[in-house]
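J.: Sequence:
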Amino acid sequence: MISKFFGSPVSSDDSSSSGGNVGHGEPSSSSFSPTAASVRSEMNNSLIQVACNCQNILIAGCGGGFDVYSGLPLYFDLKAMNKNVYLANLAFTDLSRMDNKTESILLPSYSSKKVLYAVHADSNNHDLVYFPEKYLCEFLKQNSFDENPIVYTFDRSTGVVGITEGYEIIIQRHGIDLLILVDGGNDSLMRGNEEQLGSPHEDCMSIAGVYAISENVLPMDKRIMTCIGFGVDHFHGVHSSLFFENTSSIISQYDGGFKGAFSVLKEWNCFVLFKQACDYAFKKMPHNASIVSSSIIAAIEGHYGNYHPPEIKDRVKYSTLYINPMMGMYWVYSVKAIANQLMYLSFIKDSQSMMEVADGLRKYRNSLKTFRKPSPFPH
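For the sequence shown, UniProt numbering begins at 1 and goes up steadily by one.
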């Protein structure tokens, strides 16, 4: 029902701690909150304009873990537009002991290894301490967003070849006509020659894998890359000026490579639902709440500086956080532009495991005489 997404912004207090049904209210008069009778986005940007001409959309976590959650504001907004929206993620979850009731999707190059599962609300990997994909399915099912929600979940050891093969199968299975990769953070914009790359292995594996999908399966212009959580990778040494410099380079070198940026507003229902989904998962995994997702939520709600969200206080008590308004913005690019600026793409494109990705990146980095330093940025 459209009213599931539209109407008055629902309070995050409306759902119980066990993930009870999302509350509903009267239609809001806010220009950002369409009435229940409307079928349109709360967002108005180039990404939604592309999505308007598509019907079956895949939102995929780029760097694993909670990255698929970083795409949830888009998920809920696109569902409100009556789009068929599917989810995928690169897992930090241990998939080695997955139950037999969860579908394992065989990939051509991995006949003796299971690396892709269709995780659902009842999936059991016999290690539920960390399983964000399962808990997302539980939330979506309990709140009637999908009768049988699935998060296609890749083992993080897969390699670029497996990412490509897996996404081609998912795309063909559901008739996907738009794929949106989502990175929680902005280290996916690092080219490879910077002093610090953050945590590049999962990001580059997803980017290279999606870039290599056959044009006959999905046209290149229907592959979008987004990142949200500007500044969270400062913890891993990623410098914001290099993010800006790399974005500027994409703008100058690739027509349509950068598609703009836009903020998620706290008044939007798609944000409130995103927060509720995260809260549900955090309660299921109290010792593994996401620092990235918590920081994004805090930024959108107007916190600033070294603010430590309660759910992650123990994890970050010795760290300095840089919560800021830009942390709640989606930055949107073409996958083609991001992949083409990845200077070690040729070193990893044929990898069939995470170990081979790491080896390829290491060989590229060892070939460099110097690393690119951040330029002074006075603001």
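Treat each hint with caution, since some may be false.
[Claimed, not checked] Below, in silico cross-link-like pairs of lysine to any residue (SDA-like), each with a Cα-Cα straight-line distance of 20 Å or less:
(1) 313 <-> 234
(2) 283 <-> 48
(3) 284 <-> 48
(4) 283 <-> 100
(5) 113 <-> 100
(6) 349 <-> 120
(7) 79 <-> 48
(8) 101 <-> 120
(9) 373 <-> 235
Hints in this document: simulated from the structure, not taken from any laboratory.
J.: None of the hints should be skipped; say for each whether it holds.
T.: Okay, the hints, checked on the actual structure:
no.: 1; hint: 313 <-> 234; verdict: holds, 18 Å
no.: 2; hint: 283 <-> 48; verdict: violated, 32 Å
no.: 3; hint: 284 <-> 48; verdict: violated, 32 Å
no.: 4; hint: 283 <-> 100; verdict: violated, 26 Å
no.: 5; hint: 113 <-> 100; verdict: holds, 15 Å
no.: 6; hint: 349 <-> 120; verdict: violated, 30 Å
no.: 7; hint: 79 <-> 48; verdict: holds, 12 Å
no.: 8; hint: 101 <-> 120; verdict: holds, 10 Å
no.: 9; hint: 373 <-> 235; verdict: holds, 17 Å
Violated hints, in rising order: 2, 3, 4 and 6; the structure is consistent with all others.
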